[in-house]
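Enquirer: Residues per chain, in single letters:
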Amino acid sequence: MSGQTRPVRVLRNLNAKIAAVPMILTTLVVFVGGTIWTVIYSFTNSKLLPKLQWVGTAQYERLWNNDLWNAAIHNLLFFGVMSMVFTIGIGFLLAVLMDQKIRFEDTFRTIMLYPFALSFIVTGLVWQWILDPGMGLQEVVRRMGWESFSFDPLHDPDTVLYGLLIAGLWQGTGFTMCLMLAGLRGIDEDIWKAARVDGIPRWKTYIFVVIPMMRPVFITTLVLVAAGIIKLYDLVVAQTNGNPGNASQMPAMYVYRYMFTAQNLGQGFAASTMMLLSVLIVLIPWAYLEFGGKKRG
Amino acid sequence: MTHSIQVKDLKLDFGSVSVLKNLNLDVAEGEFIVLLGPSGCGKSTLLNCLAGLLDITDGEIWIKNKNVTWSEPSDRGIGMVFQSYALYPQMTVRGNLSFGLKNAKVPKDEIDRRIARASEILQIQPLLDRKPAALSGGQRQRVAIGRALVRDVDVFLFDEPLSNLDAKLRAELRVEIKRLHSRLNNTMIYVTHDQIEALTLADRIAIMRGGIIQQLAAPQEIYNRPVNLFVAGFIGSPAMNFLKGATVDNGRAIQVGDVKLDLAGYDGGQPTDRPQAILGLRPEHLTIQDHAEAGHTIPALVELDEPMGADALVWLQVMGQQVSVRVPFERRPVKGAQVHLKVDISKASIFDATTELRV
Amino acid sequence: MADTVTPRGKRPQSRFTTNNIVLYGILGVMSIYYLLPLYVMVMTSLKDMVEIRVGNIFAPPVEVTFQPWIKAWSQACTGLNCDGLSRGFWNSVMITVPSVIISIIVASVNGYALVNWKFKGSEVFFTILIFGSFIPYQIMLYPIVIILRELGIYGTLSGLILVHTIFGMPILTLLFRNYFSSLPEELFKAARVDGAGFWGIYFQIMLPMSMPIFVVALILQITGIWNDFLFGVVFTKPEIYPMTVQLNNIVNSVQGVKEYNVNMAATMLTGLVPLIVYFVSGKLFVRGIAAGAVKG
Amino acid sequence: MKTFKLAALLATVAVPTASFATDLEVTHWWTSGGEAAAVAELAKAFDASGDKWIDGAIAGGGDTARPVMISRITGGDPMGATQFNHGQQALELVQAGLMLDLTDVAEANKWKEVINPPSLLDSCTVDGKIYCAPLNIHSPEWLWLNNKVYTDLGLPVPANWNEFVASAAQVEAAGKIPLALGRQPWQSNLAFGALTIGVGGLDLWKSINVDKNMDAAGGADMLKVFQAAADARKLAAKSTVQDWNQATNMVITGEAAGQIMGDWAQGEFQVAGKVAGTDYTCLPGMGLNAYISTGGDAFYFPVTGDAEKEAAQKRLAALLVSPAVQVAFNLKKGSLPIRGDIDMSTANDCMKKGLEILASGNIVPAGDQVWSPDVQTQLGDLQGQFWSGDMSAEDAQAAYVEILKSSM
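Residue numbers (the working numbering), protein chains in the order written: chain A, 1 to 297; chain B, 1 to 359; chain C, 1 to 296; chain D, 1 to 408.
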């Protein structure tokens, strides 16, 4: 290329742009295109097949008047907050324990990580079974002599989300622990020396020095965990299927149910749009902080 | 003399931030230019622009009388050495040296010849089959220099090449780079924040601040006649002393506190009267004596001294302002003594306090 | 990279300090929590139905039988097909191998381009991509069906590979981007001065340095794609249904009573590939994550 | 068109024609024991005619299978034939021109004359053309009882729902669950539908569901039905299984005394080797009103654009309605045949009861035929919530009326 004339902007680093084509197409066609398509059809009364018969915001009005949807949103919020707090909390705690120069670190790590290799469907089934009052944990404890022992979280509307949580944490905390452990090991050894010289207790060092330093790790973990929570579907379907009543319904299940079982695409799309909107509300401030503020110099 | 590098009206913006502002630079062939400045001054950015690693916003860059403004880095006839060495960790030293040549499709025997020559110059023959991880810092930087050397180019770009080395190695390699320059005699652009490197290596130093070259001149010129307060304060260690005052008597004298100093012999012509002037005095251009000389001395109170081996730096109080003076160790005055400082006005600089320019 | 994963912290002085008892106590209890389901699965899969009905789920089998495993692998029925999971195993391999390879190649190139070859708007695309990782798959089913139909690859293996590549892209690109941005930028600059282009730098400089993160990506993708049910069942047809579809059919098609032992055996057979991957490469996984995947 | 008609005619007349051998992929969600045995009959008959049945069973019920089917049809990679329930599930696919017109097959085989009740064919008809082959009739309003549970307690086996409720306390006292109920919403909805006909009576059911009389839906008679359901849910409180056949299995094993389930439950009893009348009792219309509603399954044949496939699709359509297949299939499935002109003498007690009611004409359309899937889903959600929670009968009725109104 001649060095004298400024190259056409688009052609500069052409190879890099060609290489980014799959990403650009994916984002534009699938994520942006699919989202816009979904939003457009959420204003129609499409049933089994998408049709452009406008009904204004009727689908949304129906959505927000629907007990099931409201229950699903409520459940997701509750489960999401609990899951986020416990996944990150337990993950961090385990990582701290694993970081104490323990013996058999490899063994412990494998034990904690292997559930992540299993699908949510499997996780849901196994835990449904272990928590089954008739033959699971409750029954076993009763047979050992504690007749009045009662542990049946999945069939009580007030506790079913905790039952899901037990399974969700089982599957996900190992991975979080690995992320956190990686973060802990990325921290400069000098920090520990400095803290010891200053006579700061270890737990204080963790809370006031180490955790702030691990901000990027926490953010990555948060993104991964949050993405998983919003998509939560397989686990619930396999473990409780939304029962008892609506006590463990999730928005993704509502979407799927109305799109395919009820054959009311418009309603499903309206629910999808609300979910996407809530994702945007969370993500836009994050993206702004992440990319908006800093520039390379 | 032919131009080796010409930078014409170079501008670089990152978004709304202007990093380089209308920058011009002419470098003669074989010249050793050091870009010096505090961090964030744009010196490394300028080097990256010369290398073609950053796309500029406006202006032109010419290397060897060729407009290379938009050429690929590898087509500009430059070699570059980085602060972190940037050796490819998975390749041996030989692989590192030959990578660029292979990309340029240089014939095999030519590659071998050039590697042999470069490794002889840099004395790295025994290291050729090692991986970078097995080398010491100094060895790594030699290899990094070798990578520029084998490219057989006219211009070498150094981006703080010695900053990661300890003081002793740094001094050794500094001499080696100087030797290399005198042997190869090609153009070198060298970015550093270390003024010793700048003063020892450069034919000319470009002092930068805020994306602007403040002064481009030979080291002695910069040392003795700094163009403004910033350059004056930045160059020289220990730093230049500044005393607030005013030029009086039609510029024939400078009033500092209640002392008036005669400006006869000032290198810079007759300054006009300025109510706000700053007198710049380097510590080595002051002498301590116990008697006053009207128009040539300032009274001072000795506060403390810093022994520096052969010399000592004496800190004194001059009319409420701090002044340091370099004296031979054995001639340092006692603490608390009332002394007089003799000013060598021919080596002093006077700055306008508002424009900060030397007068 | 190995030096980044050595444990930190004070080494406990003796084996029986209070600290140590608490430390190993907590780890032990947690290990029981993690191991319990696996234990139950294994034990149940080795019992016959009679024993399951009378015994408790935690008791080891009185009489070990491998019949459930055999049934799950080669005899369990879905509708009229009674060849168990075996039918889907090779399909899963055929789906997983190309999907994993292609999705990782695409995502690693993305990450590399995002870090080293920024262009106007590249961060915007990346942000949208991250947004994409939050979209529940169910929502995107319909648009994807339309896209695949328009491309004429609905119901084919290539269609499914494309879907896995698309939905694997957000998280993988994030991982690769984070990793590549943790590599020294000067290496990239040096290679450009040395005349290497986009692909030259990618293959000769970046790839050889990126094994840790490739291991992480490999593990995540093998697990994710192997375990996928939704895309496998919606975007393909019975001849190329993955193993999970058969698993679903076995677990959900109840012939009278639920055959828990067969279900558990089927579950473990299906999970075997990702489980082996984790057991074998768990150490590399942590190392890979430590080597830059989580640095923002 | 003429050549197609000819081909179809030929196909139906000369059944075993190996020269036509074509593979047809058939998707359905029949994967339980009795269901799979029934499907095997279809496959056997189709294979015997020289073609090949490629089985595409998707387990997990219609809710799991239908998205797959619809995606594949709209995605342009359709199967050869697919199951849907009678009613409106496939209506839009037909309207979009994605389904094969079977009118010529129907005419050639005189479907209009043989299919009974005729309402089944009406469900297949869109704009005067026929798009599906009805296969069987399922009536959901049955009460299934385990005789042994009652004889062990020294009680007579209940003859209707009221007696069942009356004896429930004794059953419960014996440590048994009176009523087995799977916890999927459609099962609660089904139980409620059965109670409506059983407790509320057929006229009430018809005025709400056929005449869409909302006053009746919100009226006092309907409230009684809701109260009956509220009582019933107490009887089912300890039943926590998900799938219908797990619930049926509780009745088979004597863990539970009874279950409200469609006639397809019979297939499970049969597979378990139980004999109707001796081991178990079936009460159509809950033993109160001997009416049944005529839901069921039909096969649709997506347009493939392949003449050879199309011919095979039409051969299969004709085959499904043919007398021999009807007998073989329905005996295994436990469902009623869609034609009255065949010999079902080998049917067991329960099925005979159904056949009698069918012959007497005491039939009503099924929920899928009178309400859209959207309404059915919402009703299911409501009943799912009602049966497993503590919602009051009044509140549930109000929500019920609201859902029905919203669809009109």
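The hints are simulated quantities; they were obtained by calculation from the structure and are not laboratory data.
A hint or two may mislead.
Stated by the list, open to error - Calculated cross-link-like contacts (lysine-lysine; reagent style DSS-like; alpha-carbon spacing at most 30 angstroms):
| hint | chain 1 | residue 1 | chain 2 | residue 2 |
| --- | --- | --- | --- | --- |
| 1 | B | K105 | B | K131 |
| 2 | B | K347 | B | K178 |
| 3 | C | K258 | D | K212 |
| 4 | C | K258 | B | K66 |
| 5 | A | K17 | C | K258 |
| 6 | C | K120 | B | K66 |
Enquirer: Against each hint, give a clear statement of whether it holds in the structure.
Expert: To see whether the hints hold, each was checked on the structure:
Between the alpha carbons of K105(B) and K131(B) the distance comes to roughly 23 angstroms, so the proposed pair stays at or under 30 angstroms and holds. Restraint check: the Cα-Cα separation between K347(B) and K178(B) comes to about 28 angstroms, which is no more than 30 angstroms; the hinted pair holds. For the hint linking K258(C) to K212(D), the alpha-carbon distance of about 41 angstroms lies beyond 30 angstroms, and the restraint is violated. Straight-line distance between C-alpha atoms of K258(C) and K66(B) comes to about 81 angstroms, which puts the hinted pair past the 30 angstroms bound.
For a cut-off of 30 angstroms, the pair hint linking K17(A) to K258(C) is broken: about 54 angstroms separates their Cα positions. With a C-alpha separation of about 29 angstroms, the suggested pair K120(C) and K66(B) falls inside the 30 angstroms cut-off, and the hint holds.
The structure is inconsistent with the numbered hints 3, 4 and 5, although it conforms to all the rest.
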